[in-house]
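A.B. asks: For the protein sequence lines, the chains are E and A, in the order given. Read in order, the letters of the first sequence are residues 1 to 113 in the working numbering. Read in order, the letters of the second sequence are residues 1 to 112 in the working numbering.
Do not take every clue at face value.
[Stated by the list, open to error] Simulated crosslink set (DSS-like; lysine-lysine; CA at most 27 Å straight-line): (1) A:K99 to E:K70; (2) E:K57 to E:K18; (3) E:K3 to A:K99; (4) E:K55 to E:K70; (5) E:K53 to E:K70; (6) E:K55 to A:K69; (7) E:K18 to E:K71; (8) E:K3 to E:K71; (9) A:K69 to A:K99; (10) A:K99 to E:K53; (11) E:K71 to A:K3; (12) E:K57 to E:K71; (13) E:K57 to A:K3; (14) E:K3 to E:K53; (15) E:K57 to A:K111; (16) E:K57 to E:K3; (17) E:K3 to E:K70; (18) E:K53 to E:K18; (19) E:K70 to E:K57; (20) E:K55 to E:K3; (21) A:K69 to A:K3; (22) E:K18 to E:K55; (23) A:K99 to A:K3; (24) E:K55 to A:K99.
[What the hints assert, rightly or not] Here's a subset of chain A near chain E, in silico, CB distances under 7 Å, partners left out: (25) P40; (26) P44; (27) Y46; (28) F102; (29) G103; (30) G104.
Keep in mind the hints are simulated off the structure, nothing from the lab. Even glycine gets a Cβ: it sits at the ideal position worked out from N, Cα and C.
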Amino acid sequence: DVKVTQSSRYLVKRTGEKVFLECVQDMDHENMFWYRQDPGLGLRLIYFSYDVKMKEKGDIPEGYSVSREKKERFSLILESASTNQTSMYLCASRYSGNYNEQFFGPGTRLTVL
Amino acid sequence: DAKTTQPNSMESNEEEPVHLPCNHSTISGTDYIHWYRQLPSQGPEYVIHGLTSNVNNRMASLAIAEDRKSSTLILHRATLRDAAVYYCILSQSYAAGNKLTFGGGTRVLVKP
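Using the sequences and the hints given, assemble the complete structure.
C.D. replies: And the structure:
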């Protein structure tokens, strides 16, 4: 079974802190994604990565950056956390190709105080 | 991006079929129709996808209208474990990374 793991289920940080959210997948997938999920807004794509060291902005990249140094790991970075970044963060991965499904991790609920 | 419209919620009795509609009147010829679901406190999981023909797998069936402007996800015998939010998503086949845009989805309640 494909497994996508995220470093924390729950995280509490203070405004202005630098925050790292880690995602690891074990199936050699080329593509990886970071979404955030907020009530009433559904899932919104922050960044995605085609392959190692490659990244593309999603729909809401402002305030975020990403890093993909190894194929299995995709990190989301909040350079200076703000309260409006309190959210559920979901990582996903998939094989490249036209219609391969995305596999999601369990999510990290981040609270910024 | 082409949009989808789904009812906010639906109720079903256990072991009865559930038909979840999705309207996508602005679908383009290269858009695939995907369905994902999200169980409570979990990340979304893939259910099924299709392009033009009806599709079946172990989880569900997908019925696609002939003009492709709507589709229906069919859960043949709902169980309590099927209570989740179901998302109907269009994704262009050639889109880099096959980006998925999730809308509000349909919350399915299964009554015992």
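A.B. asks: Would you pick out the hints that fail for this structure and give their numbers low to high?
C.D. replies: Numbers 6, 11, 15, 25 - these are the hints that the structure violates, sorted from lowest upward.
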